[in-house]
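Residue numbers (our numbering), protein chains in the order written: chain A, 1 to 479; chain Y, 1 to 436.
Treat the hints with care, as some may be off.
Covered by chain Y, according to a simulated footprint, are these stretches of chain A (three or more residues, beta-carbon under 8 Å) [to be verified]:
id : region
1  : 418 to 431
2  : 471 to 479
Label pairs and their calculated CB-CB ranges [what the hints assert, rightly or not]:
id : chain 1 : residue 1 : chain 2 : residue 2 : range
3  : A       : Val192    : Y       : Gly393    : 54 to 62 Å
4  : Y       : Gly272    : A       : Gly137    : 30 to 38 Å
5  : A       : Pro94     : Y       : Trp356    : 54 to 62 Å
6  : Y       : Asn103    : A       : Gly105    : 46 to 54 Å
7  : Y       : Lys45     : A       : Val192    : 53 to 61 Å
8  : Y       : Asn103    : A       : Leu266    : 55 to 63 Å
9  : Y       : Trp356    : A       : Ser129    : 53 to 61 Å
10 : A       : Asp102    : Y       : Lys45     : 46 to 54 Å
11 : A       : Ser226    : Y       : Ser194    : 54 to 62 Å
What the hints contain is simulated information worked out from the structure, not anything from laboratory work. Heads up, the beta-carbon is just placed ideally off N, CA and C, and yes, glycines get one too.
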Amino acid sequence: MTNLKLLPGRVARPAAATLALTLLLAACGQSDTRQGEHASINRDPFPSSYTALPSETTVIVNATILDGKGGRIEGGSLLIENGKIKAVADVITPPDGARVIDGTGRWVTPGIIDVHSHLGVYASPGTQSHSDGNEVGEPVTAGVWAEHSVWPQDPGFGRAAAGGITALQILPGSANLVGGRSVTLKNVPGRVAQDMKFPGAPYGMKMACGENPKRVYGSKRGTYFSRPGTRMGNVHGYRQAWSDAQDYQRRWDKYERDYQAGKDVLPPARDLRLDTLAGVLRGEIGVHMHCYRADDMGTMLDVMKEFKYQIASFQHAVESYKIADKLAENGVCSAMWADWYGFKMEAYDGIRENVPFVHNAGACAIVHSDSASGIQRLNQEAAKALADGRKAGLDISKADAWQWLSLNPAKSLGIADQTGTLEAGKNADVVLWSADPFSVYAKADITFVDGAVVHDRADKTKQRVADFELGHVGEGDVK
Amino acid sequence: MRMIKTLRLATAALALAGTALTPSVLAEDIAVTGGTAFTNGGKGKVDNATVLMSDGKIVSVTAGGAVPDGYRTLDASGKWVTVGFMSSGGSLGLGEVSLSGDNNDATAAKAKDTINMDVAYSLNPYNAIIANTRIEGVTRAVSQFSRSKDNWIGTGSVIQLGGTTADAMVVRGKAFIHLDVDEGAARGNGGSRSALWAEVIKKLEDAKPKPKDDMADEDKEGDKKADKKKPKEKTGGKKLLADLFAGKLRLQINAHRASDIRQVIALQKRYGFNVMLTGAREAWMVADELAAANIAVLLNPLDNLPSRFDMLASTSQNASRLHAAGVKIAFLPPDTNNSRLVVQSAGNAVAMGLPWETAMDAMTVNPAAIFGVSDSYGTLEKGMDADVVVWDGDPLEVMSSPDAVFIQGEQIELVSRQTKLRDRYKEIPRAPGFKK
Chain A
1 MTNLKLLPGR
11 VARPAAATLA
21 LTLLLAACGQ
31 SDTRQGEHAS
41 INRDPFPSSY
51 TALPSETTVI
61 VNATILDGKG
71 GRIEGGSLLI
81 ENGKIKAVAD
91 VITPPDGARV
101 IDGTGRWVTP
111 GIIDVHSHLG
121 VYASPGTQSH
131 SDGNEVGEPV
141 TAGVWAEHSV
151 WPQDPGFGRA
161 AAGGITALQI
171 LPGSANLVGG
181 RSVTLKNVPG
191 RVAQDMKFPG
201 APYGMKMACG
211 ENPKRVYGSK
221 RGTYFSRPGT
231 RMGNVHGYRQ
241 AWSDAQDYQR
251 RWDKYERDYQ
261 AGKDVLPPAR
271 DLRLDTLAGV
281 LRGEIGVHMH
291 CYRADDMGTM
301 LDVMKEFKYQ
311 IASFQHAVES
321 YKIADKLAEN
331 GVCSAMWADW
341 YGFKMEAYDG
351 IRENVPFVHN
361 AGACAIVHSD
371 SASGIQRLNQ
381 EAAKALADGR
391 KAGLDISKAD
401 AWQWLSLNPA
411 KSLGIADQTG
421 TLEAGKNADV
431 VLWSADPFSV
441 YAKADITFVD
451 GAVVHDRADK
461 TKQRVADFEL
471 GHVGEGDVK
Chain Y
1 MRMIKTLRLA
11 TAALALAGTA
21 LTPSVLAEDI
31 AVTGGTAFTN
41 GGKGKVDNAT
51 VLMSDGKIVS
61 VTAGGAVPDG
71 YRTLDASGKW
81 VTVGFMSSGG
91 SLGLGEVSLS
101 GDNNDATAAK
111 AKDTINMDVA
121 YSLNPYNAII
131 ANTRIEGVTR
141 AVSQFSRSKD
151 NWIGTGSVIQ
161 LGGTTADAMV
171 VRGKAFIHLD
181 VDEGAARGNG
191 GSRSALWAEV
201 IKKLEDAKPK
211 PKDDMADEDK
221 EGDKKADKKK
231 PKEKTGGKKL
241 LADLFAGKLR
251 LQINAHRASD
261 IRQVIALQKR
271 YGFNVMLTGA
281 REAWMVADEL
291 AAANIAVLLN
301 PLDNLPSRFD
311 MLASTSQNAS
321 RLHAAGVKIA
331 FLPPDTNNSR
341 LVVQSAGNAV
351 AMGLPWETAM
361 DAMTVNPAAI
371 FGVSDSYGTL
381 EKGMDADVVV
391 WDGDPLEVMS
401 SPDAVFIQGE
411 QIELVSRQTK
421 LRDRYKEIPR
431 APGFKK
């Protein structure tokens, strides 16, 4: 049975009932001093239980350092203390007892942040039982939260750590117009998803343009549930959802006003779907929208203005290069592949210069993976994009290009105050590379999250083996 | 023949100039000079190489060799010169847009005779993915079907990516029959490996030449004496299986789990087929047996996740361990659209321990031998097809790219739909498509 909330009027009806009740109470209860308990919504019912892993004071000396905001130091040093970056400088005298790592010939960068991952929600092995990423059945499922699908034992998390990933956003899939809430994780081992949740990171919400929703629903032709079946149907779906959310927010605002005025009023009926959408309208949740075509993105920029919310990023965004100026104007990031294209019509115009062209227009460019394999080599994706940009005549430094991997992702996730660059006071989310990470031959020697080693290529005890892998062939093998 | 083809190409190029992408310009006598050539043959690495091409073939590769009169010279000083690479899988030329796009000829879900499928009928030389691929230095590919109605998935061919007709593209047609015996195939074909293998063996036993009717079916229904003496010609899939028994065709088998691969080795021993293994996530566990059986392996060196229960032992060491055991390897692309990324995969194989030279072999001489085209492709040596690529750096590096590409001696324009979109949008236009 498909959720009946899809039917027209179902959302509005309880609102009308609540309103009528409120009016009734207001009419005969003005002087009543008895008030019911105030109803408030807990905005963080699944709080992060993350605690930093043990770390030691560490100095990496004589390395090539990319600070993640465009700076580069040759033969520089980095000091990690109490899980934070203490200093980045040409020369640092190691404090007593500090672990000193010789960075000669090696490179140091901020940890890579992947804004588009389905690790945990489409875990390995990819059995049907592990398909937890798309709540198909109704096109607006803003009430589902990706963290409730995340399986912390997905072996992909450990592989990603070996590729220098320190934080990642886990998104629901793109079958729905609104797929649900995303969650930002630190790439550390956890027993439950909350152990990995990035403290203080705002929630995100996944939306999807174009082909996927209309294919998933449009294929059920001839029934009410075949909507949306077109791009215009998609846009109707988004706008109706936002309109419902506005209405919902107004009802809660009115409840608050009435309650503060001393009235004995019932709160509006809680709607988990509209809770999330209203959170976006209040500016507490960022929208990450799967969108390929320039015209689809252009439409969404206007929907964004109509309902006064912010799109943090367009995801995949293979045609961002066509409207990079508009994206810059509107402060919307593009999370892109270096060179995937053509597997469906809306990806047909993908070009290899998308990332550097977006960067060159002054817009926020992000390199993302959307892949359990690709997430292990995002540095190579940035390298390819950089090379293609240079070949097309753009002058972009490696130091600037690293912003695609750390700072810009951190900005789009709302965590740039804590991570994304190598600056004193920020979390020590750091990668020590065996060589220039723009080379195919470079590997992450050590990945640090909050100063703790979460992967060490030279230390078997610091290479993650997921519960799932225990007792199977390949356990503990080089991956 | 060569001249005729060249003339035809020239005419086509003139006719289409300015409207569509023409793959190549005239085959000329060309000298690529001053670069470092990697010949993948007896000469190994040649510094300051003069690579001479004439009539579509390599004439010579010599250190500091003179350029004869009449040759156009392309200076490759400071650059790397290699054989055009080969991608050992995918479905290039068989479809433009796989998901909700045009008809994808690679997925023959309703095929009636699932062995008797030849890519030549589907190949489109003007497929946009082909141009996107060849300008990245991949000049050869295996093209095959990705799906059929059952676990026999037609035949695959070796193609070169510079031709303007399917005939010109096919270097070796129907090079192999593709059989799938992995976990997914078992699910779709009987629901159990035991059901799948019983069917595979039965089909092969039925097709096996009987002592009396060598290479042909006896007409059992005919009651006329004359008919009995005149055996029916085998056709379609039956003919192809007969060719397999006769050693004229190879058998490509997709399997991952070590125990499944052992079944493949047993099959090869039973029938004596020329077998290659593809996919092969756990092949490293059976490396010595594969080497002893002389079974080559096609693999994606990036596969390192336990993606399925028949892939639990996946590791990035698969390539290097197989190579160390003496197994001939070649590389699969991540998918058809990304066929060009087979080169990045090769670089990663090196990062994970495979010798650089072996990674180069795995995109040239190895697939040439595995698919039976060594006589014309795989090395920079006299008499070989002139598939030559000039790179601006180490070809396996992610920041390197080709500066010049030749396929069978014809220089390929480094133009594709993608480069045209790039050029149109480099300065973002108000009204794309209108001249300023």
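Outcome of the hint check:
Closer than 8 Å: that is the beta-carbon criterion, and the region 418 to 431 of chain A has 0 residues meeting it against chain Y, so the requirement of 3 is violated. Restraint check on the region 471 to 479 of chain A versus chain Y: 6 residues with Cβ-Cβ distances below 8 Å, three needed, restraint holds. Hint check: valine 192 of chain A to glycine 393 of chain Y, Cβ distance near 47 Å, so the stated range 54 to 62 Å is violated. In this structure the hint that glycine 272 of chain Y and glycine 137 of chain A lie 30 to 38 Å apart at CB is violated, the actual value being about 53 Å.
Distance hint for proline 94 of chain A and tryptophan 356 of chain Y: a CB-CB separation of about 37 Å, inconsistent with the stated range 54 to 62 Å. One distance hint, 46 to 54 Å for the beta-carbon pair asparagine 103 of chain Y and glycine 105 of chain A, holds here, with the actual separation near 53 Å. Between lysine 45 of chain Y and valine 192 of chain A the Cβ separation comes to about 55 Å, which falls inside the hinted range of 53 to 61 Å. Judged by the Cβ atoms, the range 55 to 63 Å given for asparagine 103 of chain Y and leucine 266 of chain A holds: they are separated by roughly 58 Å.
Checked against the hint of 53 to 61 Å, the C-beta distance between tryptophan 356 of chain Y and serine 129 of chain A comes to roughly 42 Å, which is inconsistent with it. For aspartate 102 of chain A and lysine 45 of chain Y, the hinted distance range of 46 to 54 Å is not satisfied, since their beta carbons lie about 33 Å from each other. Between serine 226 of chain A and serine 194 of chain Y the C-beta distance comes to about 41 Å, which lies outside the given range of 54 to 62 Å.
Checked against the numbered hints listed earlier, the structure breaks hints 1, 3, 4, 5, 9, 10 and 11; every other hint is satisfied.
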